[in-house]
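Using this note's numbering, the first residue of the sequence shown is number 1, and each one after it goes up by one.
These are calculated hints, taken from the structure and not from any lab test. Keep in mind it's a predicted model, so treat the numbers as computed, not measured. Every residue, glycine too, gets a C-beta built ideally from N, C-alpha and C. Please note that the accuracy of each hint is not assured.
[Claimed, not checked] Within a straight-line C-alpha distance of at most 16 Å, the following computed EDC-like cross-link-like pairs (lysine to aspartate or glutamate) qualify:
1) Lys311 / Glu147
2) Lys311 / Asp209
3) Lys96 / Asp225
4) Lys565 / Asp225
5) Lys565 / Asp290
6) Lys96 / Asp229
7) Lys565 / Glu517
8) Lys311 / Glu517
9) Lys96 / Glu147
10) Lys311 / Asp290
[Unchecked claim] Here are the simulated distance ranges between beta carbons:
11) Arg269 / Val122: 48 to 58 Å
12) Gly583 / Ala521: 21 to 31 Å
13) Gly358 / Thr586: 46 to 56 Å
14) Ala444 / Asp367: 19 to 29 Å
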Amino acid sequence: MSESALVRRAVAHAVPALLTGLLGQAVPAHSAEPAGAGYFDEVAAASGLGFVHFNGMSGGYTLVEIMAPGAALLDYDGDGDLDVYLPQGRMVGPGKTLADARLPPPPGAALGDRLYRNDLTVAADGTRALRFTDVSAASGIGAAPPESYSMGAATGDFDNDGRVDLYLTAFGPDRLLRNRGDGTFEDVTARAGLGDPAWGVSASFVDYDRDGWLDVYVANYLDQDLARDTPCRSPASALDYCNPLVYRPQPDRLYRNRGDGTFQEVSARAGIGGVSAPGLGVIATDVNADGWPDLYVANDSTPNFLWVNQKDGTFREDAVIAGVAVAQSGAPQASMGLAAGDFDRDGDEDLFVTNLTGEYNTLYVNDGQGWFEDRSIALGLTGPSLPYTTFGAGWIDLENDGWPDLLVVSGAVTIIRALSEAGDPFPLSQTNQIFANHGGRGFADVTERGGAALALSEVSRGAAFGDLDNDGDTDVLVANNNGPARLLLSRAADGAHWFGLRVLDARGRDAYGARVEIHGAGAPVLTRRVRTDGSYASANDPRVLFGLGDRAETQEVRVHWPDGKVEAWRAVPIDRYSTLRQGGGTAVAAEGT
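Could you build all of it, start to finish, from the sequences and the hints given here?
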């Protein structure tokens, strides 16, 4: 084992032990050795996904260089399997060239964002083989403008032509790429009236006014001028990355889709333009079950936002009164990533937020009416998350038993001195984690069961969740800063029944915001929401996936459409994906009518 690996193992064990003494609670330590067989196989390189991120660091400790990348899963060619989009970095700072790089780019690597086509094959016996082909050049995605540093992506069909498009966030102007439907994209940013020049990190396609056209919310971060950046130092007086509070925060942006291929910036009109905060994550959800999409925003080191939809084109900021602005302690946290889901199967969506080392990842439990309680300590999430700075996150039913578990990915944002002193040139690495859901009553850190990939110590940022091999369980694409992308192929759910749906509105677009319920005789109702946003700077599989365990059938599928209508389907087959389109089911009276 290398000296650096020994140090990582020491840190992974010493920090939890220290926190146990301080807090009086057990904090499971990770094993630094590969765990062998487990929940996942790491197959990125073996499947042709050879992406390695380059962050352009040159010794100046510029915050931009450590905040990317996110990742996106999307079926850009409409062949039924998920393709991969990964943002690439570049040199940071005026006049910097590759000769100034502290860590050079991978040999032979072409700097620029990458698109990989999934050429999944399924043999007659059901054996599946993943194979990715780099189609970046042929697709016309192009490189980010020279004044931009790529951060993340959002996916959605903004023009309702049945093809998924890309909104790309950046330090510098964002971009909108329209899917032409022939395997290529065109940059329509200027024509669409977009191109926000602020430092955008995460974005969400959301039909906030329910007019049938996807709008765009962009979570903007900080106003950092690289030409006049002031170096920061650690408490030991060593150069280090700055606290975000050093910089002026940027206001978020809301763009309304006019339905003609153009957008109107309506932030002020909608009520969100009057405040600025360092936004890192955003997710659309219906917190109060009124059928209208709300927006939850993770703000770094300042209170989070909960924009509650007023149904008239405006929002009210209710995070404090709803209980999701700050942690139970009353202090804001360094919120990065977000996940929304019904972990306790009570029919409403709860909110999960990832945070900084020394804080904890926070689970806000919804009472069904949009009021939340921080129950992180009671549910066992506090101690295990304290040693980590966590970014991407998602609910993932590991064993398809119907109870959503959590997978989170981590990497520090200030120098880990033990790693630096051991000679690590990029001393921010940490391991990722899995938390198993014990029937909605609590969570346990089961990272050691994750497999060899979960024993790796890297600088993880984005995580995108989806079924890349179409076998009925959720896989995870992990985007590492200045390191290789990892593809975690799930195998823990083999043998359990499942139920997968692609849910389309009447126009044939993925019905973002639709709530899907699975009803079964004598079984609890299972609920999922159609979305691709959440995690950190990433976009997920738009399909909804239900783990059924040993249940061999479903009685009814009910879809609550974004326009307020409700439809039901019966006899939808399990253990495969089906497509439900609005208008194809039996109308059901909506609640309250």
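Checklist line | Pair hint outcome, Lys311 versus Asp290 [Cα-Cα no greater than 16 Å] | finding: This hinted pair holds, its Cα atoms lying about 10 Å apart.
Check: Are the Cα atoms of Lys565 and Asp290 separated by 16 Å or less?
Finding: Holds, because 12 Å separates the two Cα atoms, which is no more than 16 Å.
Item checked: Pair hint outcome, Lys311 versus Asp209 [Cα-Cα no greater than 16 Å] -> holds, 7 Å
Check: Are the Cα atoms of Lys565 and Glu517 separated by 16 Å or less?
Finding: holds, 14 Å
Margin query: What's the verdict on Lys311 and Glu517, does the C-alpha distance respect the 16 Å limit or exceed it?
Written below: violated, 24 Å
Item checked: Agreement of Lys311 and Glu147 with the hint, judged by alpha carbon distance not exceeding 16 Å -> violated, 38 Å
Notebook entry, point to check: Taking only the CA atoms, is the gap from Lys96 to Glu147 under or equal to 16 Å?
Noted result: Holds, because 12 Å separates the two Cα atoms, which is no more than 16 Å.
Notebook entry, point to check: Between Ala444 and Asp367, does the beta-carbon spacing fit 19 to 29 Å?
Noted result: holds, 24 Å
Check: Are the Cα positions of Lys96 and Asp225 separated by 16 Å at most?
Finding: holds, 15 Å
Margin query: Holds or violated: the 48 to 58 Å window for the beta-carbon distance between Arg269 and Val122?
Written below: Given a distance of about 49 Å, which is inside 48 to 58 Å, the answer is holds.
Notebook entry, point to check: Taking 21 to 31 Å as the hint, is the beta-carbon distance of Gly583 and Ala521 inside that range?
Noted result: holds, 27 Å
Next item on the list: Please work out if Lys96 and Asp229 have their alpha carbons no farther apart than 16 Å.
Entry: Answer holds: Lys96 to Asp229 is near 14 Å, not above 16 Å.
Of the numbered hints listed earlier, those contradicted by the structure are 1, 4, 8.
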